[in-house]
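Student: Hey, can you work out the whole structure from these sequences and the hints?
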Amino acid sequence: MSGDTLVLPLRGGSDGCYRVHITGNSGSGKSTTGKRLASILSVPLISLDTLYWEPGWVEPPPDVFRARVREALSQAPDGWVVEGSYHSRIDDIVSPTCTDIIWLDPPFMLYFPRIVARTFLRMVGLGEPCSPGCPERLSRTFSRRGILWWCMTNHSRFRKRKLAGMESLSKTLGAPRMQRIGGWGNELKAWLLGVMNMARHA
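Taking this note's numbering, the leading residue of the sequence shown gets 1, the next gets one more, and so forth.
These are computed hints drawn from the structure, not numbers from a lab.
Take these hints with a grain of salt, some might be off.
To be verified - Quick list of the computed label-pair ranges, beta carbon to beta carbon:
#	residue 1	residue 2	range
1	His87	Arg137	38 to 46 Å
2	Ser14	Pro107	30 to 38 Å
3	Pro62	Trp150	16 to 24 Å
4	Asp78	Ser131	19 to 27 Å
5	Gly146	Gly16	36 to 44 Å
6	Pro61	Ala202	39 to 47 Å
7	Gly183	Pro62	19 to 27 Å
8	Met123	Asp78	32 to 40 Å
9	Met109	Leu169	37 to 45 Å
10	Gly127	Trp149	15 to 23 Å
11	Ser39	Ser131	32 to 40 Å
12	Gly194	Trp149	34 to 42 Å
To be verified - Cross-link-like lysine to aspartate or glutamate pairs, in silico, EDC-like; alpha carbons within 16 Å at most:
#	residue 1	residue 2
13	Lys189	Asp105
14	Lys162	Asp91
15	Lys162	Asp78
16	Lys160	Asp92
17	Lys35	Asp92
18	Lys35	Asp49
Backbone N, C-alpha and C define an ideal beta-carbon position, used for all residues, glycine too.
Tutor: Following this line, the structure appears as structure tokens:
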């Protein structure tokens, strides 16, 4: 890369707004990073888990969920940070107006212990639930529908899909810029610091 080329941590839009989608496997740090980023950019944080799950872990009809996402985006005309995946359900809603996609891809050995600890804290009432009215239960946590099983069986599959998607976006004119942030945490800290410096000088 040329020393004269400056690569900003976020591309943003021609209107000066940032519409960022943070994606990644469960436990990869989407919620924490989303809160930090939304605060830095002074834009709303939109949690897809909160929009999706109804009390008692009830899943809404697809059209209801999609309507909720559209409404949340429409209420943030000056930019937003969306955190969560649900790509097969809402990609055609979020991607057309998204300026940046941030894929959090830490090693499995970093995020899996993190999600085990988070799940345990939720089970004993010391952690914020995935969505209001959706407490963690033993019967769900250790089932094949539980988050722990999903992480163990989908890590490689999820990564392959993301790598393919990243390559496809890089070849698509006008597509949002997708960045992969991996490593054991230093890469993410450096990126957030870059966003802070960018926002400070905007």
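Student: Starting from the range 38 to 46 Å, see whether the pair His87 and Arg137 falls in it by beta-carbon distance.
Tutor: Once the Cβ atoms are compared, 27 Å apart, the range 38 to 46 Å for Arg137 and His87 is violated.
Student: Using the C-beta atoms of Gly183 and Pro62, is the stated range 19 to 27 Å upheld?
Tutor: Taking Cβ atoms as reference, Gly183 and Pro62 lie about 35 Å apart, which means the hint is violated.
Student: When you take the CB atoms of Gly146 and Gly16, is the distance between them in 36 to 44 Å?
Tutor: 42 Å, holds
Student: Note whether the CB distance of Gly194 and Trp149 lies within 34 to 42 Å or breaks it.
Tutor: Because 36 Å falls inside the window, the suggested range holds.
Student: State, for the Cβ atoms of Ser14 and Pro107, whether the hinted interval 30 to 38 Å holds or is violated.
Tutor: 36 Å, holds
Student: Can you tell me whether the CB distance of Met123 to Asp78 sits inside 32 to 40 Å?
Tutor: Since the Cβ atoms of Met123 and Asp78 sit about 38 Å apart, the hinted range of 32 to 40 Å holds.
Student: Range first: 16 to 24 Å. Now tell me if the beta carbons of Pro62 and Trp150 are that far apart.
Tutor: 20 Å, holds
Student: Within 16 Å, alpha carbon to alpha carbon, are Lys35 and Asp92?
Tutor: Violated - the C-alpha atoms of Asp92 and Lys35 are around 24 Å apart, more than 16 Å.
Student: For the pair Met109 and Leu169, does the Cβ-Cβ distance stay inside 37 to 45 Å?
Tutor: Because 28 Å falls outside the window, the suggested range is violated.
Student: Hey, Lys162 versus Asp78, does the alpha-carbon distance stay inside 16 Å?
Tutor: With a Cα-Cα distance of about 28 Å, the restraint between Lys162 and Asp78 is violated, given a limit of 16 Å.
Student: Hint says 32 to 40 Å; check whether the CB-CB distance for Ser39 and Ser131 agrees.
Tutor: Violated: the Cβ-Cβ distance is about 21 Å, outside 32 to 40 Å.
Student: Does Asp91 lie within 16 Å of Lys162 when you go C-alpha to C-alpha?
Tutor: 13 Å, holds
Of the numbered hints given earlier, the model fails hints 1, 7, 9, 11, 15, 16, 17; all others are met.
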